Structure formats: structure tokens, C-alpha cells
Amino acid sequence: MTATNAPAPAADADASGAPTAAATPARRRTPWRNPWGHPWFLEGFTWLYLVWSLVPIVIAVLFSFNNGRSQSTWQGFSWRWYFSDPVNSVLHNPQLHAAVIQTVRLSVLTTVIAVPLGVAFALGINRWHGPVPGTFNYLMILSYVIPELIFGVSMFFVFTTLFSTVHLGTTAEVLGLVTWNVSWPAIVVQARLVTLGRQYEEAAADLGANQFQVMRRVLLPLLAPAIFASAVLVFSGVIDDFVIVDLLSSSAGNTPMSVIIYSTQHGGNGGPALNALGSIMLAMSLIVVIIGYVAYRLLTRGERGSGLAALTTIAGEG
Amino acid sequence: MRNRKNAFWVALAAPGIIWLAVLFVVPVYAVLSIALGKLNQLYEAPVAVWNPLSWSSSNVINVWRDLFGSASFAGPVVVRTIVYVAVASLLSLVIGYPVAYFVARFAGRRKGLLLVLLIAPFWISYMMRMLAWIDLLSTGGYVNKALGWLGISPVNWLGGSSVTVVLGLVYGYIPYLILVLYAGLDRIDPALIEAGRDLGLGRARTFIHVTLPLSRQAILTGLLITVLPMLGDYFTNQMLSGAASTSMIGNLIQGQLGTPGLEAQGAVLSLLLLLVLLVPMVYYVIATNREATR
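Keeping their order, the protein sequence lines are chains P and L.
So the first sequence is residues 2 to 319, counted in the working numbering.
So the second sequence is residues 9 to 302, counted in the working numbering.
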């Protein structure tokens, strides 16, 4: 290659279409060609998605404060649909009122039963080797991925035919929800056990601690963040659950909020009281999640890992 | 000593194992016994037959006739379900991938905020999210008002429109897909992408030859996590349309549950759905297990 045909390399680059870093300034300006530029299109797309994803919710919450029946024309601010209206507010409508209480009841009962059950299961399964624990570990993960409708249908049938002493209602709902949610603590705690390894327990055992002391003084404190995260997952999961409670509830007294919104909305206009009910659910989940996030950060103080990691753990990913 | 240690772990695992056996294995078997059981002609109630040796195929034959027979009414529902779910999950992927890609690779200091906003729908009740769209899409809602400004006459979105149902499914399940994609894309070593660039690949070709192959696992898992619940979904459809012309297999099963004489057929349909989904489910279980033990 001689100096006389200096333009040739540039022509080559053109032909291959490879936008090398040495490209001309004019080319660097076109964003697609410059591999190091900021992807403005992607950023715009992402914000557009977020607007689509979240603005409808914001509007729905706003209209729960609407001083009128409309869900699309703003008529001024009021607490009417929460408690001022003597008939149709969440506080005074017996059905809506009962739904709030039922949701709280189901969330508390399910969390109190499912978390200890799942944590013990995870510990046992992780340490007891053999075909039985292996099989049940797979079954547990299967219960996590099975479509909720199929699970709900099987629960419906088992409570209407085999265990018919358990009538549809709160007991059936709790039994169904615990089975559906027990995989959260089981999976989250097992993941934490894998990251921890065995060295802490072995050190404690070497220092003379017996099985129960190792459990109480070493394992449970180390597992506390995972146990806590799974409790948050179960609690907020039950608040938002729909299919199981829809199939297993039997009367107005044991119908939680999600089912009320569903059954009142389709087939008729439920009015802003439903938006109020939905906003209460939202606030409940939000409170649980914020408590969960703060406590999780406190529990994992001094460990590597960021707020992002805490966030994805509380969301059930990672 | 070794034995006592083992007994300790067995005792810990036992309650969970018993619980799963009684309230997960037995219920699934109950569906099987009802699907292959008989019908009490007097009460039109399904009779579970627990002994596999006396199972009958009458319910299955009935469902088979509904699905593939000459007067099939369930056949079109199944086809519609497949089309809806396929379109909705592909649409979710097309929308979700760029979003996950941006947040994983380019968000920089705003990553925390964006992640919170991406995860936010997880904490909002599904019913609340559907309710929000019902408000927007109603006859006098903001969507029709916006169309009015553009001179377009109001559209009856909630009266049995396939477009509404598919978009509702996308809206409902896309957050799960995005989070899985984000986790997968976030794990890709940036050095690999830079290497692609350094070796002269453009943005598009780096994406096709480096990023896309590395995120294949995340795409598969993400699609699975959206397709499985979509196939059992009856509430999105019921809330946003409620018309028979858009009903899916979930609506069919749910409708049969409360109907005397048809409950056993609901069991058969659930079982068929489970059978079809068993392969992807087992794949997912194995993939999760591999991930967890790595």
C-alpha cells in the first residue's frame, strides 16, 4: 500500500460497512453508527413504556378521590368513596368493608403458616439427602410454576369432593394460599443456604455447639434476611392473589378485595368506591414492601450487595 | 451421631412434605379421579373414582367431541387461546426486550429509579391494573376522549374486542417478562460486547452476534413465565370483554366449575392443559434448579 492510494482504506471501510471508531466525524453523529453514543431511541422507548405501564394506575388512584360517580370526569376532591359516603363508601358498604378485613386476615394467616413451614422444609430438604427430599423439592418447584387456574381447580375439587368437611370459605382459602405460597420461603431460603455454604455451621459445631444451638445461634440469624424477604413476598402475594380466592370463596363474608373488584366491575359500573378499594390494596402492598425493603437493608448491613439487590430479592427475583 | 443428625433434618422437612403430599399431590390426583370418574345422574355432580382400575373414559370422550367433533364448540376457543397467547407474548417480547436492554446496559445512575418503576406493577393488584384500563377505555373514558380530539368516533373497546383482550394480556404480564430479561441481560459481561465492537462489529451486528445469543436463555424463561399464566387466565378476558366471542380456554374451565353436569369436563380440560404445559414446566423446573445450584 502506497501513499498515492490513500483513500482506498476509507473506501474499504465503506464497503464493509463497519463503523470503526476512526470513522469520519459526520458519520459519528448518526447515533446508530456510533457504538459508544447514548441510545436516545431506547431511552425514549423505555420512558414511553413506563408511562403506559404506570400512568393508568395513577389516574385510577386519583379518581378514587373523585367527588362524583364518574370514573373519567374530575368533579373535585373528596374522601367520599373511602368513608364520607354513608352508603357506598368502603367504610360503610358492608361488602367492601368485609373484603378489606378478609384480605388482611388471609394475608396474616397465610404468612404465619407458610413461612415457618417453608423455612423448615428448605432446611430439611437441603441437608437430608435421598430420593424422598429430592422428589418433594421438585414437587415444590412444580407447585411454583403450575398455572394458578389448574392449581385452583384441583383445590376446588379436593374441597368439594374429598375433604368436604372443609367447606369453601376462609379455611379452604388459607389452605390453598399456604400451599401456593410455601414455595417462596422454600426457594428463597434454599438459595441463601447455597450462598452461605457450610463453613459457619461447621465452625460452630467444631466449637462444641449441638444441632439446636447451631440452628438457633448461627443458621437462623444468617437466614433472617431470606426469611424476612419471603414473608414480604408471601404477604404481598396474598394481598394481590385472585384465582385461588375466587375459586375457594363461598360468600360475601369470606370474599377478599381482589375478588370484589373483579365481580363488581364486570357486568356493571362499580363506581369510584372500587377505585378506593384498589387504592387501599395498593397502599397495603406499598407499606409491606417499604417495611420489607428497609428491614432487609438493616438485616443485611455489612454484607456486600446493593439496594438494587435488596429490591430484586423483595420482588422475588435474583 | 450421623443418624441423629439426619433425623433432625427429616423432622424439619416432614411437615412441609406432608403438607405438599396432602394439599398438592392429592388435589392433582383428585382432578384426575374426577376427570376419569363418573357422573351422578341424579344430582349431576361428578363422582371421583379413586381406583385407577375402574377409571372410565366417558368424560374424556365428551371433551374430545367438544374439541374436535363436528359440532365442536371448544375447538375454536382453543385456537383462539393459542393465537391470543402467541400474539400477546411476542408483543410483550418486542416491547419488553428494548426496555430491559436499556435498563440493564445504559441506565447508569438512573438504574435504581428505573428498576423501581419496572418492579412497581408487581406490587399493584392485577385487578387494580385492569380496573385502571376499564376506566380509561370506557365509553366516556380518556382514550375515547383523546380519539375525539383527533376526530375519530368513540370505539367500543370493552364490548368483546380481541385487540383489547390481547393488549390487556400484554399489559398484565409484561412486567414479569421484563424483569427476567433484565436479570439475564444484566449478567452479560460488558467485556464481551466491547470485544465485539473492538473487532469491528457495528451496533446492530454486535447485538445479533453477541448480545442476542447470550440472552437466549433469558428470553426462553421470560416467555415461559408469561405464557404459563396467560394460558390459565380467565379474569383479564372476563373484565375487559366478557363476550363469548373472545373467550379463552381459561374461561371455558372456570365456567364449567360452577355448572352442574359439566364440572367433570372442566377437570378433563384442566388436565389436558396441564399435560400440554408439562414439558415447558419441567424445563423451567430443571433450569431453575440448575441456576440455584450454580
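Quick caveat, the hints were computed from the structure, so don't treat them as lab data.
Errors might be hidden in some of the hints.
Facing chain L, from chain P, some residues (calculated, C-beta under 10 Å) [said to hold, decoys possible]:
1) 42
2) 85
3) 87
4) 88
5) 237
Here the structure is a predicted model, which means the values were calculated and not measured.
Note that CB positions come from ideal geometry on N, CA and C, so glycine has one too.
Hint check results:
no.: 1; hint: 42; result: 8 Å, holds
no.: 2; hint: 85; result: 21 Å, violated
no.: 3; hint: 87; result: 24 Å, violated
no.: 4; hint: 88; result: 21 Å, violated
no.: 5; hint: 237; result: 6 Å, holds
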